[in-house]
Amino acid sequence: MNKKTLSIAAAILMIAGGTAAAAELPTYEANGFPVSPLQVRVLGAAHVEQQVSVPTAVASAHQAKVLSPRKVKTADVTTGAAR
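Under the working numbering, the first residue of the sequence shown carries the number 94, and numbering increases by one thereafter.
Take the hints with a grain of salt, since some may be wrong.
Stated by the list, open to error - Restraint-style ranges between C-beta atoms, simulated for each label pair:
hint: 1; residue 1: Ile-108; residue 2: Gln-144; range: 26 to 32 Å
hint: 2; residue 1: His-155; residue 2: Thr-120; range: 27 to 33 Å
hint: 3; residue 1: Phe-126; residue 2: Lys-166; range: 40 to 46 Å
hint: 4; residue 1: Ser-161; residue 2: Leu-136; range: 44 to 50 Å
hint: 5; residue 1: Val-135; residue 2: Lys-164; range: 55 to 61 Å
hint: 6; residue 1: Arg-134; residue 2: Ser-161; range: 31 to 37 Å
hint: 7; residue 1: Ser-100; residue 2: Gln-144; range: 37 to 43 Å
The set of hints was computed from the structure by calculation and includes no laboratory data. Glycine included, each C-beta is placed from N, C-alpha and C at the ideal position.
Could you build all of it, start to finish, from the sequences and the hints given here?
This is the structure:
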């Protein structure tokens with residue numbers, strides 16, 4: 094039973110990994126206009142460049158506040174005899 098669960102989990106991870114890699118396919122542009130790989134093959138590769146991928150994830154104000162380091166408050170500690 095444990096082998097079956099492990100193989101199902103492995104299959105799910107392989108599928109998820111395959112779809113993540115497919116989401117990052119390169120995009121191309123010709124003379125400043127976006128073109129598909131099919132258009133490049135049909136029209137030729139003259140003046141075709143790979144577009145630079147720009148990260149689209151921008152943190153919101155709340156996310157930036159959560160992800161930033163905390164400000165540590167130091168308490169005034171007095172030294173004295175321990176009870």
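Hints, one by one, checked against the model:
Between Ile-108 and Gln-144, the C-beta spacing of about 27 Å keeps the proposed range 26 to 32 Å intact. Against the hinted window of 27 to 33 Å, the Cβ-Cβ separation of His-155 and Thr-120 comes to about 31 Å, which satisfies the hint. Evaluation of the 40 to 46 Å hint for Phe-126 and Lys-166 yields a failure: the beta carbon distance comes to about 55 Å. Between Ser-161 and Leu-136 the CB atoms are about 48 Å apart, so this pair conforms to the stated range of 44 to 50 Å.
Evaluation of the 55 to 61 Å hint for Val-135 and Lys-164 yields a pass: the beta carbon distance comes to about 58 Å. The supplied range of 31 to 37 Å is broken by Arg-134 and Ser-161, whose beta-carbon atoms lie about 47 Å from each other. For Ser-100 and Gln-144, the Cβ-Cβ distance of about 39 Å falls inside the hinted range of 37 to 43 Å, so the restraint holds.
Figure legend: structure checked against the earlier numbered hints; hints not met, in rising order: 3, 6.
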